[in-house]
Amino acid sequence: MGKTLAEKILSEKSGTEAIPGDIVTVPVDFVFSHDGTMPLAIQQMEKELGTRKVFDPLKVGGICDHASPSPSEQVSNVQIFMRKFARENNMPYFFENGDGICHQIVAEKFSAPGKIIIGGDSHTCTHGALAAFGTGMGSTDVGAIMAYGTTWLRVPESFKFQIDGELPEHVTSKDVFLHIVKEITADGATYMSMEFTGSTVKNMTVDSRLVMSNMAIEAGGKVGLCSSDEKVRQFLAKHGRENEYKELSADKDAVYKDELHIDASKLVPYIAYPHRVDNVKPVTDFAGMELQQVCIGSCTNGRLEDLKVAAEILKGKKVHKDTRLVVYAASRGVMMEAMKAGYIQTLIEAGAAVCPPGCGFCIGRTVALGDGEKVLSTQNRNFKGRMGNNKSEIYLSNVPVAAVSAIYGKVTDPREVL
Amino acid sequence: MSDKQTITEKIFSRAAERPVKAGDFVLANIDRAMTHDITGPLAVEGFYEIMRNEKEKKVWDPDKIVILFDHQVPADSLNAAQNHIMLRKFVAEQDIKNFYDIFEGVCHQVMPEKGHVLPGQLVVGSDSHTCAYGSLGAFATGIGSTDMAAVFAIGKLWFRVPETIRFEVNGRLGERVYSKDIILKLIGDIGADGARYKACEYAGDAVKSLDVSQRMTISNMAIEMGGKAGIIEPDSITEEYIKERVPGYKLDTDLKSDDGANYSDIRKYDVSDMPPQVACPHNVDNVVDVTEVEGKKIDQVLLGSCTNGRFEDLKIAADIMGDRPVAKGVRLLVIPASRTEYMKALKAGLVEQFMNAGALVESPCCGPCMGGSFGLLGPGEVCIATSNRNFKGRQGSADAFVYLSSPATAAASAIKGKITDPRSV
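Going down the list, the sequences are from chains A and B. Quick note: the first sequence, position 179, residue 179 per my numbering, numbers continuous. Just add 1000 to the spot in the second sequence (first one is 1) and you have my numbering.
Because the hints were derived from the structure by calculation, they are not lab data. A couple of the hints might just be wrong.
Dumping the calculated DSS-like pairs for lysine-lysine here, alpha-carbon to alpha-carbon at most 30 Å [said to hold, decoys possible]: (1) B:Lys1004 with A:Lys410; (2) B:Lys1328 with B:Lys1297; (3) B:Lys1089 with A:Lys321; (4) A:Lys266 with A:Lys308; (5) B:Lys1328 with A:Lys59; (6) A:Lys315 with B:Lys1315; (7) A:Lys315 with B:Lys1097; (8) A:Lys315 with B:Lys1114; (9) B:Lys1055 with B:Lys1004; (10) A:Lys317 with B:Lys1347; (11) B:Lys1344 with B:Lys1243; (12) A:Lys340 with A:Lys318; (13) A:Lys202 with A:Lys109; (14) B:Lys1315 with A:Lys318; (15) A:Lys317 with A:Lys59; (16) A:Lys231 with A:Lys182; (17) B:Lys1185 with B:Lys1208; (18) B:Lys1021 with B:Lys1058; (19) B:Lys1347 with A:Lys321; (20) A:Lys321 with B:Lys1058; (21) A:Lys391 with B:Lys1097; (22) A:Lys84 with B:Lys1392; (23) B:Lys1057 with A:Lys321; (24) B:Lys1256 with B:Lys1004; (25) B:Lys1097 with A:Lys410; (26) B:Lys1328 with A:Lys238; (27) B:Lys1328 with B:Lys1243.
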């Protein structure tokens, strides 16, 4: 019987014929945690396992991204605690404030087809875009993996998303996913491997695929996988890791628990409105709604491609006087490339506040909204209070909608004005 | 009684519409009033309290008020976001055109940069480092939010015209010694309360030869010795700076202290052989030659603030660093003082250079300088900063240690991981 991508990876890693429902034990290729979750993982190691020693310092990462640079004495203390642990263990992969968001750093430096990537963060499913089995776990599990280097997994059932056709202008992979979550809802793929395939996916850049994989968890997915191909090889080559490339795709006769067929040419820019990611309607339904803030960035849409699109739209324009535009690049590498290409300059000239790479606005630890404010963000979640205030409203969109809305100060359909 | 006046007495005579001398109490007309996101909300509340029985609750002159957000930008907490909303509403209600939201930069940089400060003006700001504008020959001073509320209402404020201490600083600064070192030296000598309520007047050829950026550093820190103002007589360098912002501006040549004006003290310095200076924890006047603290291990370096966050400062630091990375285990935070300064640095390749070296480059803001925002220190951590205050707890933990220095000393320390004499790298 043929295998899905998830089954293939878990079979190879566990040395068994991994069938959905099986419990398998797999070695973990890279485990990481950040300043939101790592302290707890370290504490759990100490408390439950009686050790502070990691199984392999080259396979454990720590990243200061969620509250960076530290906005409080409490966070400063947490980061000191993490640094001490990393030093003790001689961990070379400790990333400082300003290096970027864990998922972008791990995608650039560690993820590759067939690898098992575990992170103490729900959006670790991001790495599926590189055909890695990436999934988020709680700090207790992460602590155990940091100590032992293995984990158990229940082999997930797979949900196939067959996406074909050409995306219309100003419609992006973000809209593909928002369409999916609209169709299947926030628990529509609970504990399933969401596997994105079809000509639309094939034609997407890796940056675009990362958006869909990143959001798999928003439909309950355990992972969000894409096949590896030439574009993945090039992505790895760009980051000096071409040797880690391997061809990986689902068998033609793989068995899926469910399938959804999508005609990409019929999609439109969408908005996910408060306070659930699966509250999705076309942008036209919100056109004209005034916005106090627009955010471009995050592990969902803070990559070079996103900044390029934003800069192209905002070039020679000004952010509306009653709206703030806040931009965070996903990593130091992305920011440097964007700077060399002139995107950062363009965005600042348009009136954006360009902050150092990190999670920034997305989790409300370093950027907060006020009562009654409406924000349009390219991030992945719009839960009540997510951005620091439960009396504000978060709307999610793709980058073109966000950029053009920043100019008009209200939700604007890029197809209407560009 | 001679009719010779200091520049401070001249400015107050014009603002009070009568000849005045030091020690006089005056009700003076305010030329410009600045407030920001920390002290603004209290000033606005106070203003509406004063106006509670008035039908028209309007400020005296919306065009003379400048409001900026810089201390907590982008809003870093719910509280900050609420303060911003409140001030934006005030700006709209009062039709205040000189308003700068979260992206423009630190008040003391933006005010001069946007042409809101002119030589000879009387400027008040609800921030202690408002004395920075003395660098352009204005009498500028920090006031509390309650006083600011009154200024919003009537455009006047009472003052006791301060006596002046004249600092005559002569000589040629040595290599990698800057105006920051001069002001640290002055403060170390006179003490944190040595110039209390005095107008500090900086003169001498060492001061006259400084560009506006370096003059701003000296004026900015007058308050650290208790000064009411830190004033430098405007000259052709000042005039050039203003002209770039106010086309056709012509300097009033009488805007200077008269020969024979009355000073409460004249202090003379020759800075020719002065080494770089460092202020040690936890007081700004705890100043030593850099050689005395060399080798002290550091965890963080802050390059920025209203004291030393301009392009010129970043350039000095970048030139010293060259292509050398930030030392392992050290965080370098670079925070340009304004969007304009950020853009200059970006265009000159400095932002890229700092990021390549491993620095974190923040969007223009006050950052950790006042302990309210990004980049705070934990207990036991040591920081060398180009900012103006090293009080216990100022940058986060009360158990952290902050040293103050020039951008050159900070940059040299960043690449070495310990306090380093910039002349040695």
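Evaluated hints:
Taking the CA atoms of Lys1004 of chain B and Lys410 of chain A, the gap is about 60 Å. The hint is violated against a cut of 30 Å. This hinted pair checks out: Lys1328 of chain B and Lys1297 of chain B have alpha carbons roughly 12 Å apart, not beyond 30 Å. Note on Lys1089 of chain B and Lys321 of chain A: the hinted pairing holds, with a Cα-Cα distance of about 13 Å set against a maximum of 30 Å. For the proposed pair Lys266 of chain A and Lys308 of chain A, the alpha carbon gap of about 25 Å is at most 30 Å, so the pair holds.
Between Lys1328 of chain B and Lys59 of chain A the CA atoms are separated by roughly 20 Å; this keeps the pair inside 30 Å, and the hint holds. For the suggested pair Lys315 of chain A and Lys1315 of chain B, the alpha carbons sit about 27 Å apart, so the restraint of at most 30 Å is met. Note on Lys315 of chain A and Lys1097 of chain B: the hinted pairing holds, with a Cα-Cα distance of about 25 Å set against a maximum of 30 Å. For the suggested pair Lys315 of chain A and Lys1114 of chain B, the alpha carbons sit about 23 Å apart, so the restraint of at most 30 Å is met.
Only pairs whose Cα atoms come within 30 Å are accepted, and Lys1055 of chain B paired with Lys1004 of chain B is rejected, the gap being roughly 46 Å. The suggested pairing of Lys317 of chain A with Lys1347 of chain B holds, with an alpha-carbon distance near 19 Å, which does not exceed 30 Å. For the given pair, Lys1344 of chain B sits about 19 Å from Lys1243 of chain B by alpha-carbon distance, which is consistent with the 30 Å threshold. Only pairs whose Cα atoms come within 30 Å are accepted, and Lys340 of chain A paired with Lys318 of chain A is accepted, the gap being roughly 21 Å.
For the given pair, Lys202 of chain A sits about 23 Å from Lys109 of chain A by alpha-carbon distance, which is consistent with the 30 Å threshold. Note on Lys1315 of chain B and Lys318 of chain A: the hinted pairing holds, with a Cα-Cα distance of about 28 Å set against a maximum of 30 Å. A distance of roughly 45 Å separates the Cα atoms of Lys317 of chain A and Lys59 of chain A; the hinted pair therefore is violated under the 30 Å criterion. A C-alpha spacing of about 28 Å is found between Lys231 of chain A and Lys182 of chain A, which places the hinted pair at or below 30 Å, so the restraint holds.
Of the supplied pair hints, the one linking Lys1185 of chain B and Lys1208 of chain B holds, its CA atoms being roughly 17 Å apart against a limit of 30 Å. Distance hint between Lys1021 of chain B and Lys1058 of chain B is unfulfilled; the C-alpha atoms sit about 33 Å from each other, more than 30 Å. Simply put, Lys1347 of chain B and Lys321 of chain A have alpha-carbon atoms about 25 Å apart, close enough for the 30 Å limit, and the pair holds. Restraint check for Lys321 of chain A and Lys1058 of chain B: satisfied, since their Cα atoms lie roughly 22 Å apart, inside the 30 Å limit.
Of the supplied pair hints, the one linking Lys391 of chain A and Lys1097 of chain B holds, its CA atoms being roughly 29 Å apart against a limit of 30 Å. At most 30 Å may separate the alpha-carbon atoms for a hinted pair to count; Lys84 of chain A and Lys1392 of chain B meet this at roughly 24 Å. A distance of roughly 24 Å separates the Cα atoms of Lys1057 of chain B and Lys321 of chain A; the hinted pair therefore holds under the 30 Å criterion. Of the pairs offered as hints, the one joining Lys1256 of chain B and Lys1004 of chain B holds, with about 11 Å between alpha carbons and a cut-off of 30 Å not exceeded.
Annotation: proposed proximity of Lys1097 of chain B to Lys410 of chain A holds, straight-line Cα distance about 22 Å (limit 30 Å). Restraint check for Lys1328 of chain B and Lys238 of chain A: the C-alpha separation of about 26 Å stays at or below 30 Å, so the hint holds. With a C-alpha separation of about 45 Å, the suggested pairing of Lys1328 of chain B with Lys1243 of chain B is violated against the 30 Å cut-off.
Violated hints for the displayed structure, listed by number in ascending order: 1, 9, 15, 18, 27.
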